[in-house]
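A.B. asks: With the hints as extra help, turn the sequences into a complete structure.
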Amino acid sequence: MSVAHASPAPIAAERPRARRPSTFTVLRWELRKLRSQKRTYLGLGIAVLLPLIFVLAQNLRSGHPHGGDIIYATYITRSGLATPVLILFWASAFFLPLIASLVAGDVVANEDANGTLKTILTRSVDRGQVIAAKVATAILYATAGALTMALVATVAGVASWGFHSVITFSGTIVSAPKGLLLIAAAYAFYLIPLAAVASIGVLLSTLTRNSAAAVVGTLAFTLLLALVKLIPGLEGAGPYLLTTQYQAWQGLLATPTDWAPILHSLWVSALYAGPALIAAYLIFLRRDVAGG
Amino acid sequence: MLARGLVKRYKEVLAVDHVDLEVRAGDVYGFLGPNGAGKTTTLRMALGLITPSEGTVELFGADPMRAGAAALHGVAGFVEAPRFYPYLSGRKNLELLAALDGDDARDRIDEVLDTVELAPRAKHRVGGYSHGMRQRLGIAAALLRRPRLLILDEPATGLDPAGMRDMRLLIRRLAQDGITVLLSSHQLPEVQELCDRVAIVNRGRIVYEGGLSDLRAQAGRGYGLRTDDDTRARQIASGLSDLEVGVDPHGALRVHGPEAAIGRLSVALGQAGVAILSLTPELATLEDLFFRLTEESA
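Taken in sequence, the protein lines are chains A and G. Throughout, the numbering used here is defined as the position within the first sequence, counted from one, plus 3. Throughout, the numbering used here is defined as the position within the second sequence, counted from one, plus 11.
Source of the hints: derived by calculation from the structure; they are not laboratory data. We put the CB at the ideal spot given by N, CA and C, even for glycine.
Derived DEER-like restraints, expressed as beta-carbon distance ranges:
(1) A191/A - S141/G: 46 to 54 Å
(2) S141/G - R31/A: 27 to 35 Å
(3) E238/A - H135/G: 57 to 65 Å
(4) R77/G - S25/A: 20 to 28 Å
In silico EDC-like cross-links for lysine to aspartate or glutamate, where the CA-CA straight-line distance does not exceed 16 Å:
(5) K22/G - E65/G
(6) K134/G - E122/G
(7) K103/G - D118/G
(8) K134/G - D121/G
(9) K22/G - D291/A
(10) K36/A - E106/G
Chain G is faced by these chain A residues, among others (derived, beta-carbon under 10 Å):
(11) T28
(12) S39
(13) Q40
(14) K41
(15) N117
(16) T119
(17) T122
(18) R126
(19) S127
(20) R130
(21) G131
C.D. replies: Below, the structure written as structure tokens:
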């Protein structure tokens, strides 16, 4: 110690109770910041453009239904409701995780790089509230991306090919209203593994403090998982990979509903999301905010 | 604010080495040191942004590492440059921070914008603000919290002379309003003008803490002496005890000693018929003291 001058003890000031802001308030401002950034609209733009490009391409080749490895591909011109199913089938493995990772990977790292993390952490909110709001923001953005894609695909599909009864993965036909309900349920269920992707993105964002690394890292992680089951001898890992859960929603479009993949996907997704969120929370709580 | 035995190590680097600080209510406290001395790291620990390797900090009796945001009640400020969201306007940034402050912070936005004279530019995006405007917005953001302790890290850095003057006036006004100010700076005139107590830190260690006037008194006083017969005056001064006499590079006499000895000298000169044209106390400047202390400790 190196004090050259002894001073009387500081006056112990009274500490009046402060009305602390709620985590919801922090979330509201996180969403507001998100709305004000141009990059936010990049992911949503993908969600809008992808179905539109798909429908346009199919219209240009009308009369020649696309023959693919999914039953809906041959059904596309018979009901507009086949479009959101096909879009989900194709976008679930890459484009929707990409949209989710764009914000999840950026949500902490960007503030760290810009120095605004220290600005908000010297106010009246605890670190736990901040990270909770950021996780919620990342998941809500992923949800907005998926729902935008669903909405655009449904509207564009129905506008092109009508609101007709639609086939299920089992080959049975269901009425258009019921089909719409099942499609909504499928998208809603897909949000669970997508939330796990967002959680991993937030973890990498907290850990790396670098937006680009976190976004790319999240995508690389999911792509790596997709490759794992292609490795000879590791096929057995398939059911436990997050990427396998991307297709679990198909159980909802079977008649009768196939609950097995859905329930399996729930706990497997939780196995990825839970540790990622706990790690992100603990790292964020304990980290030194030395940048900016 | 009370810091005791604060240490921060980064692997092999000892950034802060057992720092003790005591900022009392009403102080305008200068925290001085060269770049890299450990000032900002100490302030970050004080605000709970980084965890001390050893030691404790208390803000109004609460430890920010244990109590979290609750310890920051009544405390505001910024470390290094204040940072804001460039894509939001100044007002929106303040609205955001007011929301994170709770209480009635939002009701004070207009008032603090007026205080820092940013009201006319409040609707403009912060991305287009000058450095000085961002510094002032940083003060405004701090004032939203109605602080009793304001921690400012190099608030005048990067400002032009007029901006520096305005910043000093603002800090003085806030201090007059009863806000305790902890001002980290390496701008010695700023500290000399504003602060009543200082800590000087070098290489992570406090080399002085206490009143600025005490520091200058400790440095010993010298007097410049002009007479109508400097040769005779020097002979007389040399004959008196407790006095050291010398000649500065310009040929003028300088005497060092306690006030009593200086008094005896003036009487002796008068009795010898040597007229004193001027006898001027020369206090060591803060700059002299700062370099003396930091170079001694290096």
